[in-house]
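Chains as they are written, first to last, in our numbering: chain A, 491 to 605; chain B, 6 to 119.
Derived by calculation from the structure, the hints in this document are not laboratory data. Every clue listed holds true.
Dumping the calculated DSBU-like pairs for lysine-lysine here, alpha-carbon to alpha-carbon at most 30 Å:
| # | chain 1 | residue 1 | chain 2 | residue 2 |
| --- | --- | --- | --- | --- |
| 1 | A | 546 | A | 561 |
| 2 | A | 561 | B | 62 |
| 3 | A | 558 | A | 544 |
| 4 | A | 558 | B | 62 |
| 5 | A | 527 | A | 546 |
| 6 | B | 62 | A | 527 |
| 7 | A | 544 | A | 527 |
| 8 | A | 558 | A | 546 |
| 9 | B | 62 | A | 495 |
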Amino acid sequence: DQQVKQNSPSLSVQEGRISILNCDYTNSMFDYFLWYKKYPAEGPTFLISISSIKDKNEDGRFTVFLNKSAKHLSLHIVPSQPGDSAVYFCAAICLHNQAGTALIFGKGTTLSVSS
Amino acid sequence: TAGITQAPTSQILAAGRSMTLRCTQDMRHNAMYWYRQDLGLGLRLIHYSNTAGTTGKGEVPDGYSVSRANTDDFPLTLASAVPSQTSVYFCASTLIRRLNTEAFFGQGTRLTVV
Numbered sequence: 491d492q493q494v495k496q497n498s499p500s501l502s503v504q505e506g507r508i509s510i511l512n513c514d515y516t517n518s519m520f521d522y523f524l525w526y527k528k529y530p531a532e533g534p535t536f537l538i539s540i541s542s543i544k545d546k547n548e549d550g551r552f553t554v555f556l557n558k559s560a561k562h563l564s565l566h567i568v569p570s571q572p573g574d575s576a577v578y579f580c581a582a583i584c585l586h587n588q589a590g591t592a593l594i595f596g597k598g599t600t601l602s603v604s605s
Numbered sequence: 006t007a008g009i010t011q012a013p014t015s016q017i018l019a020a021g022r023s024m025t026l027r028c029t030q031d032m033r034h035n036a037m038y039w040y041r042q043d044l045g046l047g048l049r050l051i052h053y054s055n056t057a058g059t060t061g062k063g064e065v066p067d068g069y070s071v072s073r074a075n076t077d078d079f080p081l082t083l084a085s086a087v088p089s090q091t092s093v094y095f096c097a098s099t100l101i102r103r104l105n106t107e108a109f110f111g112q113g114t115r116l117t118v119v
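Please build the complete structure, drawing on both the sequences and the hints.
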């Protein structure tokens with residue numbers, strides 16, 4: 491059973507518009523969430539994260555929103571740029587139970603930004 | 006700084022043979038992970054280790070084994086490779102803190118089992 495779900499395999503957006511990538515999780519023990527970006531033939535790279543004690547974290551063009559009651563988070567990219575075209579992975583971890591924790595990823599969403 | 010290094014970068018392996026994928030980090034991270042990436046399936050956790058001397062099973066552990074003899078190294082072994090283990094393998098490490106963490110990934114090992 492998937493603990494982290496990204497239900498949209500792909501998303502196409504025009505340059506300058508907003509990209510919204512969604513992620514749902516089922517494990518209520520998760521208390522920290524991360525977004526990673528991956529280009530072909532490279533390892534994933536960290537983008538932005540959020541703790542469960544917050545509902546929003548912003549870093550430049552990237553904002554992550556967390557809705558704990560809905561077990562849902564989203565990544566907003568504004569404005570979108572062609573260089574943002576990549577696979578985006580959502581990940582979650584339980585930090586307060588470090589003995590048994592592991593970083594769990596979703597299936598990813600491929601974002602294509604056209605100019 | 007090296008960060009996290011995987012070797013080899015790619016390998017073609019005959020079915021039935023064994024192979025060890027190497028992963029080394031120099032960041033003194035306590036946790037290390039092995040994932041496989043397959044089209045449409047995302048990054049699936051194979052095994053993990055939260056500290057030297059301990060390991061745990063992930064989502065897809067069958068056919069793989071790991072060891073964590075020290076903080077820096079986390080090798081992944083395929084005892085008898087099968088074609089379904091053809092994949093891109095990523096090793097990651099992270100310093101798990103009480104309030105935050107961030108995982109760093111290697112560049113990946115592309116394994117083809119024929």
